[in-house]
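Q: The task is to assemble the complex, starting from two chains supplied on their own in separate frames and drawing on the hints.
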Amino acid sequence: MHTLFKWRCRAAGLRMVFVTLMGMWMAGPAAAFTVFACEPEWAALTRVMLPDARVHVATHSAQDPHHIEARPALIAQLRQADLAVCTGASLEAGWLPMLLQRSGNARVQDVLFASDHVNMIDPQPGAIGTPWAGDVHAEGNPHVHLDPRNLLLVANALAARLQLQIPAEKVAIEQRRAAFEARWKSQLARWQQRAVPLRGRQVAAQHTTFGYLWDWLGIQQTADLEPKPGMAPTPGHLQRLLSGLQAKPPMAVVVASYQDPRPGKWLTGQLGSGVPLLVVPATVSEDADAEGLLRWMDSLLGSLLGVTRP
Amino acid sequence: MSTHQHKITRSAMLLMALVASGASQAQAEHGWEFGAVLDAGMSSRPLAVGTRDQGLQLGHSDLSVSGPLGKNIQAQLTATFATEGGKLEKSLEEAWLETKALPYGLQVRGGRFASQIGYLNQQHPHADDFVERPLLYRAFLGGHWNDDGLRLNWTAPTNMYLMLGMEGFRGKRLVGDVVNTPGNTGVTTWVAKLGDDLSRSQSWQLGLSHIRNEREALVEEHVPGEAHAHAHGAQFTGGKTWMMDATWKWAPQGNNRDQQVRLTFETARVYAHNTDAAGDMHRAHALALAWRLNPNWELGARTDWLRVNAPDDESRLREHALMLAWKPSHMQTLRLQYTTQRGATGDAFLDASQRSVQLQYVLAFGAHGAHAF
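Respectively, the protein sequence lines represent chains H and P. Take the first sequence: its letters are residues 1 to 310, numbered as in our numbering. Take the second sequence: its letters are residues 1001 to 1373, numbered as in our numbering.
So that you can see chain P by itself, here it is in the shape it has in the complex (with noise of 0.2 angstroms):
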């Protein structure tokens, strides 16, 4: 056993020790709810602008607890455990405290959150459909961004959901390294999401998310075959990005742990800080569908594109991923993926794998029942 294997196992058995300690106050009184979740994977090879190792490799992991302080304040935590490069990279990823009583439908959130762009980051990447997140999240956002900032939400009063949402950010956990300070101010966020059932079977949502980037990037500097997406840190950015979102989801009856199918399509455009810039920089696109044929197993399939410039040279990269999910019950997943990234060209994606074969066991204890639309 090598000795990165080693710093695995001992990692994965920490957090087991953690959890049975918070999982024995997992009923605690006043609505504080204890949660952990293990997420161990292995990969025969890296993706390019991937996230995990080569072999063995800990995921998305994570210690979180959450409950009310008050009536009116609700607080999180969350503290995330994962393996990059061979190193145990820990991480705390949220730290906020949000409002539960303000009038008229606003809510005012603040500390260290994942923001509310496009559809899937919000969401703990453990629960995806897939072992990696789409390349657009990969490559622009570092997989998974959340930050330190503060958000105003306004929910309408009407029959037909819709929210608006603003968010600002330091912006130190999508872009490191900068250029020049004056005009570094941080990141803003503007999010519109609309959505409905269309029966009792089949409901969608649409989002429409606005980044503006006021942190330009030090160096883009890409070593093809290095794991160079750090799991905090956009890989490429911009000054402003434009995103969309649209999902639809059909369950028999509305019994969605029996069966149901979700088909998710995000687009991103990235453009360049210099506004005299005619177009967009970077561009990508992620279609994907999950089918649920019982209880017990998922089927999916998704298709990505992705094209950056750097001044001199344009990069392209296709993935596809086919996945099969065993679920014992609805706090454990075995999943199997079959990746490949075809037709890279460029200088960016020299380390394009033409296939990957995935192993994921994700296994939850306590408060993680919850999950969004």
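Bound conformation, chain H alone (with noise of 0.2 angstroms):
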């Protein structure tokens, strides 16, 4: 006890600084709501739901969000959060729980995580990753803003958890809610009729990025250029799916842009002009809105289509 005595003497020179940054704090101005979301998607959502929310960004279509850093500039975002929006299903496991401990933030601990809302596909239950099984995500595949349905489901789920944190805002946030599900379903249905020559096609795809577009499109990824999930192509890997790929060549190749293009180009260089090469951003940028989501489906669709000339 004679040691807390002791700190406490102490205490007196940081506790003026301590005091001084609190006034600090204390006399700003009424902050905006603040949203940390873990991925532009969600942002994006935000942004739709309360168009005057100061919103965090976590990660940007050039990154790959299950390997970010737990930055110290992404700790003082979440410190400053009222909501934090993820993915969850273990997307964020090697960044997200220090970011929650170290930013000592109680109003973010509850995460909203869009996992918890859709169907997950291929989940793997009781599966243990080992250090030779690569990423497993025993939940299932994580990447779900790919199907455009789902992006419904997580717009209902947090335009509820909004309301419940901003009583006053709640007759706005059911309006926007309710214009965006309208909206995205007459897009849904314009998509879907769009999409039908892309029904039953195949192609060959890195990782299990786009699951969810495919099984959306009715399209059969028939490679993972990936030997193992999460582990980068390996030459040997790109060998043996080239036979299999050559005898029942897909319709293209398919990378997202925050992954290396070099194992896709090797691979359509051998499979002959007849299959392209497609890069495409898996997920939106940064500052989009409602726009931005419906674009960005919009060009995914396109660039699929570019490549269905029989």
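Hints were generated in silico from the structure; no laboratory data involved. All C-beta atoms in this analysis are idealised placements derived from N, C-alpha and C, irrespective of residue type, glycine included. Take the hints with a grain of salt, since some may be wrong.
Claimed, not checked - Chain P residues, not near chain H, derived (Cβ > 10 angstroms throughout): (1) 1044; (2) 1045; (3) 1079; (4) 1110; (5) 1242; (6) 1246; (7) 1298; (8) 1299.
As the list claims (entries may be wrong) - Within a straight-line C-alpha distance of at most 20 angstroms, the following computed EDC-like cross-link-like pairs (lysine to aspartate or glutamate) qualify: (9) P/1327 x H/110; (10) P/1327 x H/82; (11) P/1100 x H/82; (12) P/1172 x P/1197; (13) P/1327 x H/226; (14) P/1172 x P/1147; (15) P/1071 x H/116; (16) P/1327 x P/1280.
A: Rendered as structure tokens:
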């Protein structure tokens, strides 16, 4: 207890700094509702529901969201937030727990995970990550935003949470949610019609990034450039894939813009001119809103349809 | 095979068996996670102020479990295993509870945990870029200082990361045997950390730490050639210590798994218990550079300075290390390191190694994904 007393005496200096900083913070203008979004797609949905929100986006479309460093800047962003919106299903397992712990922010500990509100594909109940198995997501494929129907489900969950946290905006949020739903549903019908020629086609792709998109469009992924989930393509693995793909050429080799395009380039080079390489963004830009989401989904479909000419 | 090697093989097998039983529950419900790390190494020659034996050794291996206790408390338990002087040392390294729901960015942690001073101290040694910690840590902090105590942290609600923290420890794992009991009330630390991004590809962190140690070591007798630096307990201690650390990292577009450069500088000055003494007593610096060329290969270089003072002797030591690491996946590392100790003067470092080649294999199971900056 003697130590505690001594602490108190020594605390005087730092306490001055503490009080000054707290004062500066308290004196600042009343801050807007602040949301920390792990990925740009959730930032876009937040802007749809709450256009005045201050939104911090932890990652961008040129980044692999599996592998992010728990940087000081991200801790500071999470410290300021009133709500964190992330994908879940272990996508952020390598960095979000550390950020949550370091932020010391009680308000964000109950993260809104998108994967809790959609039907997951490829769940592997009981699967254990071993050092040799690659990145196994027992919960299922975490890239849920690639199915536009899921975006609607997550939008509903997000709206409900925001209404709970900002009762004053309850009606306005419901109006925005309903407007978004109507607009998105009419787009869904249009996209599904446009995508009819893609049904039953085959692709080769890197990772399971676009699994939900294939599922929605009725496309079949016949080859994964990665030897094991999360492991970079190896020459040996690509060589093994080649013979199978030569026998039954896919309509394209698809990689996300954050992935290294070289393995895909090599593969399409070997497969000949009939099989193009598509490098497409796996998500929207950091400042996107409803418009950005629409344009992104439009361009994904456009890229795929562009290579379906017989 | 010597009995020494037998012991290591046996302990490694024991660890693997424990892991296998734990791993079957690795994906436990309620957010509880199990993890295990095996760190096996081999050295051609032990280093002065080193923690690794000659020949085959078990490095800082651990079994850990962490998870929430209710909504507001996070808990962690870590047991470590390592060989020292041919013996298997078991230790409870972490057993702490931490708050998650205090207001104003405040956090309290209590129990046994690693102090947050410096850049490396909070990190588990098996996550380091080099086989041994810098001389600074080995000489002044027993390699990796964890102790029984209480921590209070405050993270500022600012755009730039700012954290202020204080800790109070019993200090028994920093200084074992002490001179006189009345004044030996423990060890307190003060820490400030500051950090931010410079661009999409660059980020930095600065830290300033102060340690106030009231436990004056009984003797600092050093027997050259003996593996003196015990894993817990510092070899050279003083009354007050100031530490400064600076880190800069670069990764194209923030994709640190593909390519990254990490540059860290740490410096420490230790002052004598007798505050009337002019100037510092011991001093150390460490400059480390690590370069991830691609997801599978890393190169690193480090240079260390150490100067310690005894009443009638000043000793100096320089250490340089080069390492090459192969990471077939992010849960495995095979590292080859070349270390040389030069410019040893004075009585303290008569056992300096001209050159030592070290090989290290680290294998992680389960929850060991999240690492700090």
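Q: Does each hint hold? Answer for all of them.
A: Cross-check of the supplied hints:
no. : hint            : verdict
1   : 1044            : holds (27 angstroms)
2   : 1045            : holds (30 angstroms)
3   : 1079            : holds (20 angstroms)
4   : 1110            : holds (13 angstroms)
5   : 1242            : holds (15 angstroms)
6   : 1246            : holds (12 angstroms)
7   : 1298            : holds (15 angstroms)
8   : 1299            : holds (18 angstroms)
9   : P/1327 x H/110  : violated (34 angstroms)
10  : P/1327 x H/82   : violated (38 angstroms)
11  : P/1100 x H/82   : holds (15 angstroms)
12  : P/1172 x P/1197 : violated (38 angstroms)
13  : P/1327 x H/226  : holds (16 angstroms)
14  : P/1172 x P/1147 : holds (7 angstroms)
15  : P/1071 x H/116  : holds (18 angstroms)
16  : P/1327 x P/1280 : violated (41 angstroms)
When each numbered hint is compared with the structure, violations occur for hints 9, 10, 12 and 16.
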